[in-house]
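Based on the provided sequences and hints, a complete structural model is requested.
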Amino acid sequence: MDLINPSPVVHERRATRQRERVTNARGRELIDNIEVYEHVRDIKDPEHPYSLEQLNVVSEAAIDVDDEQGSVRVTFTPTVEHCSMATLIGLCIRVKLLRVLPTRFKARLGRVDIVLAPGSHDSEAAVNKQLGDKERVAAALENPNLLEMVNACIAGAAPA
Amino acid sequence: MPKLRLLQSLEGHDDRVWHVAWSPTGDTLASCSGDKTVRIWRRSQPGSDTWHCTAILEDVHSRTIRSCCWSPTGSHLATASFDRTVAIWEVKGAVWEMTTLLEGHESEVKDVAWSPDGGLLATCSRDKTVWVWESAPGDEYEDVKTVRWHPGGEVLVSASYDDSMKLWVGEDDEWDVKTVRWHPGGEVLVSASYDDSMKLWVGEDDEWVCAQTLSDGPQWQLATTLRGDHSRTIFSVDWSRCAPLIASGGADNSICIHGVRSLFMPEHGFQAPPVEKLAVTLAHKEAAAHASDTNCVRWHPTIPGLLASAGDDGILKLWQYDQEAEDDAS
Numbered sequence: 001m002d003l004i005n006p007s008p009v010v011h012e013r014r015a016t017r018q019r020e021r022v023t024n025a026r027g028r029e030l031i032d033n034i035e036v037y038e039h040v041r042d043i044k045d046p047e048h049p050y051s052l053e054q055l056n057v058v059s060e061a062a063i064d065v066d067d068e069q070g071s072v073r074v075t076f077t078p079t080v081e082h083c084s085m086a087t088l089i090g091l092c093i094r095v096k097l098l099r100v101l102p103t104r105f106k107a108r109l110g111r112v113d114i115v116l117a118p119g120s121h122d123s124e125a126a127v128n129k130q131l132g133d134k135e136r137v138a139a140a141l142e143n144p145n146l147l148e149m150v151n152a153c154i155a156g157a158a159p160a
Numbered sequence: 001m002p003k004l005r006l007l008q009s010l011e012g013h014d015d016r017v018w019h020v021a022w023s024p025t026g027d028t029l030a031s032c033s034g035d036k037t038v039r040i041w042r043r044s045q046p047g048s049d050t051w052h053c054t055a056i057l058e059d060v061h062s063r064t065i066r067s068c069c070w071s072p073t074g075s076h077l078a079t080a081s082f083d084r085t086v087a088i089w090e091v092k093g094a095v096w097e098m099t100t101l102l103e104g105h106e107s108e109v110k111d112v113a114w115s116p117d118g119g120l121l122a123t124c125s126r127d128k129t130v131w132v133w134e135s136a137p138g139d140e141y142e143d144v145k146t147v148r149w150h151p152g153g154e155v156l157v158s159a160s161y162d163d164s165m166k167l168w169v170g171e172d173d174e175w176d177v178k179t180v181r182w183h184p185g186g187e188v189l190v191s192a193s194y195d196d197s198m199k200l201w202v203g204e205d206d207e208w209v210c211a212q213t214l215s216d217g218p219q220w221q222l223a224t225t226l227r228g229d230h231s232r233t234i235f236s237v238d239w240s241r242c243a244p245l246i247a248s249g250g251a252d253n254s255i256c257i258h259g260v261r262s263l264f265m266p267e268h269g270f271q272a273p274p275v276e277k278l279a280v281t282l283a284h285k286e287a288a289a290h291a292s293d294t295n296c297v298r299w300h301p302t303i304p305g306l307l308a309s310a311g312d313d314g315i316l317k318l319w320q321y322d323q324e325a326e327d328d329a330s
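Heads up: the protein sequence lines correspond to chains P and B, in order.
The UniProt record's numbering puts the first residue of the first sequence at 1, with every later residue one more than the last.
The UniProt record's numbering puts the first residue of the second sequence at 1, with every later residue one more than the last.
Please keep in mind that the hints were generated in silico from the structure rather than gathered at the bench.
Okay, derived cross-link-like pairs now, DSSO-like style, lysine-lysine, Cα gap no bigger than 27 Å in a straight line:
1. Lys-129(P) with Lys-128(B)
2. Lys-285(B) with Lys-134(P)
3. Lys-128(B) with Lys-134(P)
The following label-pair restraints were derived from C-beta to C-beta distances:
4. Gly-47(B) with Ile-34(P): 54 to 64 Å
5. Asn-151(P) with Ser-107(B): 16 to 26 Å
6. Ser-7(P) with Ser-107(B): 34 to 44 Å
7. Ser-107(B) with Gly-119(P): 25 to 35 Å
8. Glu-81(P) with Ser-107(B): 23 to 33 Å
We put the beta carbon where it would ideally sit given N, CA and C, even for glycine.
Shown next as structure tokens:
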């Protein structure tokens, strides 16, 4: 099978960033973009044995979190603009967050938004629409083959 | 005193509840879920205010049951599933039996609706087709017509149905339209879409029995757009048959009750008012109606103010909307 992007640029996996924990008035430690990044950076690319971090598909700066509002927005950038895996990558990010985030983030869709970086994909609007459609996502996760692919990616990239 | 009182939470589904449907007389409530089952709910005793599950319809659909619809007599229930099939269930006494499985759609079936006389069943699917099935003797159903979406995507296509019919449309100008409900009188249509708005449409002649473009035009006028009541996608809207009210529910977990002031005036019956007089105002917002998305809201067919809702939290809720309290407060 021909690869969509035969030779992607691979970056180093960076050390986990240490930062000051912020708590709210009720003493709950707030989830921030760095924590969400930790959840998604090791997701494996569907096509390569590299993580989304190594391929610069996700970055800390492209994750917006508002814990008090219960909203997360992950903006991801495929390695090539015609990447046919974009929807699958977005689905993997969504499913991973669905499994790890507290329910206040509406991880069963709703306030977790997974979108392509503007201008990063030929079919940006179509992919975003599909990733935002609750029924499409629910149906996709009932497809055993697709779910297997998603689980394989979420299981992570092989250690370098 | 809250205007919208929670009467009861009905628990039992193991996954999100997508849809609820009152039987025509309102003595039974059906709910369908991502857990691949339908639950049938009835009053614990005749006249009782508490409801309980009396039957579970299972082992037919292998994927999410997205929608369900009662036949006009209440003797049958049709269920639409992501497994590409539509099942017809028959109840005799308290015993439910699946009598027919309709196969033909190539992708997830999203919705199903009976014609008012029960002779036809319409189904729509992600395969971009609407099928109309005709019931034949002996629980047989034949597909009589396939209707395709207009390639342009912004056009509504459907078969001819009146008030109780529910239609799905592709896209309006920019966004998916997720749901459409006729006013009981049939002259006004309400739609909800992914842009967090509700739109009311008024038809100006009787020609809407055939496919029409639901964009502002000579035959259909966009009467009003309601924006700002819901902060996220609206998944469900429903007209009350007993009061001038519209209920809506959405991804912001809320239920909104909208008053339609100039509609349902007793002297006018169900007649639609002129477009410019169709005034819809937010009467009440229940912000945390469900712990997660509110997927469906349905008014009871005969009891004013009784509302059923279903959510991603797997729970059905029965509410009583008290319009008196509303009027006292204002």
